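Enquirer: In case you want the letters, here they are:
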Amino acid sequence: MTAIAPHPTPGSALEWDYAPAPESAAIGRIRDRYRMYLDGDFVDGQGDDLTSVNPATEEPLATVSTASAADVDRAVTAARRAYEGPWSAMPAAERGKYLFRIARGIAERARELAVVETLDNGKPIKESRDVDVPTASAHFFYHAGWADKLAHAGLGPAPRPLGVVGQVIPWNFPLLMAAWKIAPALAAGNTVVLKPAETTPLTALVLAEILADAGLPDGVVNILPGAGDVGQALVRHPGIDKVAFTGSTEVGRQIQSALAGTGRALTLELGGKAANIVFDDAPLDQAVEGIVNGIFFNQGHVCCAGSRLLVQESVADEVLDKLRLRISTLRLGDPMDKNTDVGAVNSAEQLQRITELSATGDLEGAQRWTSPCPLPDRGYFFPPTVFSGVTQSMRIARDEIFGPVLSVLTFRTPDEAVAKANNTPYGLSAGVWTEKGSRILGMASALRAGVVWANTFNRFDPTAAFGGYRESGFGREGGRAGLAAYLRSDEGAQA
Amino acid sequence: MDTARPQGGAAALAEPGAGPDATTPALPAGTAGTAGGLQQRPAPSPGLRTDAELSDATRDDSSLRRFLRGLPGIDPVGLEQRAAGLATRSIKKNSKLQAIDLAISMVDLTTLEGADTPGKVRSLAAKARRPDPAQPGVPSVAAVCVYPDLVAVAAEQLAGSGVGVASVATAFPSGRAALAVKLADVRSAVDAGATEIDMVIDRGAFLAGRFGEVFDQIVAVRQACAGRRLKVILETGELGTYDNVRRAAWLALLAGGDFVKTSTGKVSPAATLPVTQVLLQAVADWHARTGEYRAVKPAGGIRTTKDAVRHLVAVNEVAGPAWLDPYLFRFGASSLLNDLLLQRRTQREGHYSGPDYVTVD
Amino acid sequence: MSQQRLPVAKTYKLFVGGAFPRSESGRTYPVRGPGGEFLANVARASRKDARDAVVAARKAFRGWAGTTAYNRGQVVYRIAEMLEGRRAQFVDLLVTGDGADPAAAGAAVDAAVDRIVHFAGWTDKLAAVWGSANPVAGPYFSFSVPEPTGVVAALAPPDDALLGLVSVVAPIIASGNTVVVLAAPDHPLPAIALAEVLATSDLPGGVVNILTGDPAEIAPHLAAHGDVDALDLTGAGAELRADLERAAAGTVKRVHVPTGSDWTAPPGTARLRAFLEVKTVWHPTGAVSLTGGGGY
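Protein chains in written order, with the UniProt record's numbering: chain A, 1 to 495; chain B, 1 to 361; chain C, 1 to 296.
Isolated chain A, as found in the complex (with noise of 0.2 Å):
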């Protein structure tokens, strides 16, 4: 008989609370008043000023002028003129030239923009730090190197651009939508009047900045501010020969009917609910990881979220576990603090939205987890939050909610996880997880989704298209496919 000492437990540790690590809001040098850009111009436009509110602390950031129809038409023409003038004149290295000039722009004031973008948007400083502004850099790098080298995009020998494009970006990734948009637009030949998001207006009017101070011609950007009514008058004018827009699949839908019959270009990333499948022989742990950076990046704001965990049963209980624990240690709070993990919601009605869609989740018989992590006094704040026991009938496992809530889902067969996964209108992205690699491309294939991560989740690259399956929009961007969105193939008299 072995008596081995027991292993005895030990008493109470430290209590080590991370002391609050604020980047310096003075870097994003923050001005009372931002004007929009119009003609290589920061003009005042004609619309009524908005404010832009820090959600984080509920206070007025900055006033900024907004734009008015006629603004809209003044714009478009004088990006019709930069078309028709220097900007196509211009030879097509040169135009990358450009491109190169802004990406190194951004890079060079990337602590700035990642402050102004942090306390504008709520996301936490090391997010708009690591993601948003350096993939924003790098998006205005890759594209330029395409400026003379379009015959190789797969769209014939000397594919052509539309003209001018008016673009719609929203809320959630204020500067890297804009240069998502912009980038490829401009590498194409085509020149751009942009609308931001009302609630997130400065970052791009700093990329304004950054433009006019690379040089760039006049008008072949213009960058308006405003809210939903800039966005309609910018998208139905009969100036633009095509739109881009990212956003929610309502305001899609309306662009599309609005577009019909006129002939001009369209490409939509919208909404998702994407599912996040885990499989028994799945490297947990980074599944985990995983699963909470599918959801609560970017306080969950991400159209490919993956906001529907779909987990096999038989480990259900082991990855729930690990997960809430994890999720506890998030740390949410101000976004200025180096060390948050989870922000602001980026305004009051998104706030309530989620409240509500996330009520409903009680309503429908799940069972609500909540991050025990507390709120701070004021700001747009939502706890990290996870139901499981979902359906797939409720509205939480399959309205986007476009915030840090998770609905988990369980499955019992690869047919069962693939089945729920695309038994949904939506089909932007999705996540696989598991160590055989067989499944692994069989999943890949049979999933209706535009992104498939497999062992990890909410990757983007410049190089990578990304883009989505039925109602999460058509068109891609990123990559040589992205290219075909701002480009007229110059073959086939019968296409």
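No wet-lab data here; the hints were simulated from the structure.
Predicted, not measured: the structure shown is a model, and the values here were computed from it.
Quick reminder that beta carbons are idealized off the backbone N, C-alpha and C, glycines included.
Mixed in with the good hints there might be a few duds.
What the hints assert, rightly or not - With the C-beta cut set under 8 Å, the calculated list includes, among others, these residues of chain C facing chain B:
hint, residue
1, P139
2, P284
3, L290
Position chains B and C against the provided structure of chain A, taking the given hints into account.
Expert: Quick look at chains B and C alone, frame taken from chain A:
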């Protein structure tokens, strides 16, 4: 024998828990770990392996192999990404001071050189007791770690200080010796007054898939330790993959190791953040299944305060705050202590310090 | 007096799921030749026939999309073989139905055969030409592959009953989609004859479904149908086109509106690309050892 938790400075940070059962009888030598040991494995100790799957895991060689191979895999990229993410935590001001003192109290101050002498060990022991005599309130380190033949010197120097005496053993660092030799090595260290034993596993046997043999050796060494806390060095740098690190960690935990320890310090890579994270996850999972707290010791390559703080962040967020305790987490290091002391001065004095303000030992 | 043999006239039906059903509505309409002479009664498909065709197309989609590109190429090529074998029949149909002169009709049939052969050769090139390995800035293997969109509803051009129809259908199925195509309302006979070609080729039932009738009546139901993924509006007039595009917006369908209509021109790739989705797949790579990062 003194197997209790380290005292002194560490006590200022955390209350000691209950020590091991002092009435545990010492084991007769050579009663376990012989060939075929797994077939005659004794019943688990009370409190240990309450989980049915865990008790089944050690029934025989093939169940052990099945269990270890059935552990969830580790995706290296995801693991390293989490480690890199944790490394971006910004630990400032008071939380940094706390971390520095905690890290000091967790150091196993180590000298493992062929050139070690009693004089060197004596000066190390003095440093261990009072790392920075000029500064008030600096905790003493957790233990001094030496070769078995110098344990007596260390034990004498540290008597009554609360600083532990750790000894490497089992033909450290390679572990290439007969089991009888390894056990004799352990017993000589125990007899000379070691309070903690740092053993190495047989990596050859592990890599050849002879998990039962490795298990038996750990059990045998644990018995030879006669109640001293046992650190099981996995030598992760020789195991090749994170999956293997996880399997070896579970093997050590199943065999009753008190600590899972990364490295001897003689092989590169040694303690990296991702490897430490795998071990922290293993003890956290072990705790979730058994309710027992086991400890982790990264060793080798942790030289700076920044490295140490990053490890503490991982301790805090991967294993949990309960592990922020020198009883459950150690740094095997030699040069780390001086950097911690330097940074401590910088934090307290508000200006950068210089290397000559802390002692060279 | 010798008795002249009375030819056996054909009953022209729909082509749905590999079978030739009548319209569930029981409706037909007369088709007349260029001189106004009666040629045949043709099924006038209803909303429900369109629904059945979509069901058949959806059912066939998974298998057709999942078949190897090589196999799909062979199946499409086999269609060309069967069409070539019935050259005389199609020439006759174009002459009597459209009033084409025999030489032009022959050229049109030949061009239709060649068009099918052209697209048969595309099936196993699509992924190489529009797919990519993406050199992402991180330890991941990322690749993008084109995949078929799904069920496409197409309106065949009204004026070129065979070559136009083939030019619309071939690229849709070559890329792995299935199709419900509305034949040219005034010249439906070649379309049904083509259905006979398809039925005797190796094409699985439901991959191509051909409806005859009034596009203005049926197309809106297809454009609004929740299980139709895309529209090819080649045969839609300007007014119908706008209505159908609006209906398509309800479920965010992909809509292809051609810019030209010269069926004798080289086909280009726009029609192939119109109903392809690009899927990007990511997987971690590189770290095979504890030293981390990078590959070997």
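Enquirer: Each hint: holds or not?
Expert: Each hint tested on the structure:
1. P139: holds, 5 Å
2. P284: With a minimum Cβ separation of about 3 Å from chain B (threshold 8 Å), the hint on P284/C holds.
3. L290: holds, 6 Å
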